Amino acid sequence: MTDDETRVEWREWGPEAFEEAETAEKPLLLSLTATWCDGCHEMDVETYGEPRIAANVNDDFVPVRVDVDRHPRVRERYNMGGFPSTVFCTPAGELITGAMYLGPDGMRQVLNRVRQTWTEKGAESGRIPRALAGDPTPSGPVDTHIEEHLAGQLDEKYDDRFAGWGDEAKFPMPRTIEFALKRSNRQAVETLRTIGETLFDDVAGGFFRYADGRDWSEPHREKLLDANAALVRAFANGYLYTGDDALLDPARRTRGFLVDRLWNGAAFGGSVGPGDDDYHDGDAAERAEGAGPRRDLTAYAGANALAADALLTLTAYTDDEDAREYAARTLDYLADRLVDDGVVTHFEAADESGETLLLEDHARTVGAFVRARQVLGDERYLDRARAVADAAVDELRSDDGAFRDGPASGLGLLDRPLRPLDGNVEMADALVDLAAATGEGGYEEAARGAVGAFAGAWDRIGVQVAGYGSVAARLTRPTLTVAVGATAGSDLHRAALRVADHEKVVLPGADGVSPEEAVVRVGERERAATTPEQLMTAVSDLTDGA
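Numbered per numbering that gives the first Met the number 0, the sequence shown spans residues 0 to 545.
By construction, these hints were calculated from the structure, which means they are not laboratory data.
Just so you know, these numbers come straight off a predicted model, no measurement behind them.
Note that beta-carbon positions come from the ideal geometry of N, C-alpha and C, so glycine has one too.
Don't take every hint at face value.
What the hints assert, rightly or not - In silico DSSO-like pairs for lysine-lysine, Cα to Cα no more than 30 Å straight-line:
(1) Lys181 with Lys156
(2) Lys503 with Lys181
(3) Lys25 with Lys503
(4) Lys120 with Lys25
Said to hold, decoys possible - Each pair of labels, with its calculated beta carbon distance range:
(5) Asp510 with Glu167: 40 to 46 Å
(6) Asn184 with Gly102: 44 to 50 Å
(7) Pro514 with Glu167: 32 to 38 Å
(8) Ala122 with Arg185: 34 to 40 Å
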């Protein structure tokens, strides 16, 4: 397909492009882009739109355009550090070289250099990145050193002047904020407030992705569903610990943004690009097709699961009926359209169906269904969580206990197993919740295996993945659970959801518990309560000093 904006004859990611490169004995040029990516669109106009560059690309390479949201395994193997990523590889998919944004002059230099390398070395010019070499993970025991190290990293990397962690570009890092809520509450709350002042869009709602400046200035104005969902949950959890309405307001307004700007009639779309907020929605047909500049209304499984999780977290603390309604509708979409016998499909669209059995999709879907069991009360959500978790454990777990990011098969480097730390953290955390909700220890053991697979390098893990410390800590001490005899929505259930521990597990309509009681458990110890006040006292008695 020829793109009038770029003049390049782009192929789609698929076997035809690789076969063409093999037959023609040409390297591939992979252009990794996203709908929301400003630099991608700029490079299309400034670089690929230049006639001589486009002609050189068309003549000497097999150009392939890859949407990284639709192809996350390609993104993780060929990403050059951000988007756009411009990647040159052999017909077998091995990496020759790559860069991020390239202007016309830079592209000419790289094209000449790759052309010369290919002429001299051919297929031998390719290499396999070290992360895909199949080396064993650095396994070790799961103990308190992991949490202690990452709690120390909070202090070492915290920016006391501007909040957040690090002294360069600032990313929100919502999982790090949630880790800090229990270990350095001041840092977490200061960071949330700063994000609310700098990355939150006061005009249209929603959070920008990150800021270039240490002081949170120069924000990148794209808004992604998963990033916004994670921040809704982090702000709601900040409110849980503080009762500060100033933290609740951005979460509620972002819920409104997600519904107004990304709801496609059945689920949430993936992103809104910079400048899209001036677009006024058309009719329902336009919305369903993703009409409007720079907006992707494709419903991705993992991002929608995270959105449902976040909206249910908001519901749990505030009784927000809109959040409850859209979370339930999103979960129905996942169950009806994207989950089949426990296997999750990344997305469905009129012209394409996504991959199945991606780790992030499974981890977030398990987490969302367990959250739904806690907040909405329906036992069927737990059955769905089990099925999705079982599929991941059966199909994605390696011999060392770590989970692969997807099936070890596919084009190019996709047949090389990748065991991402962040994906393993999300899966392990969801499995700990599932174990606490079901009493089935096999899920906790699977979580322990995933965390332990990286524990030999605990002292080299940074604050960016502080969620690793959260789930490691949960595996070193019992989870606080509250079994409520009454159904969801009762006073005892609502009080249990508001206990100031965002990692607790609450089970309304629990078997074996009187409708007038709630039973608080921490390991082998338990206390019964019949009023919200007694419940809070029971929690305090069982957790003080724990």
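Legend entry - Hint check against the structure, violated hint numbers in rising order: When the structure is compared with the hints, numbers 3, 5, 7 and 8 turn out to be violated.
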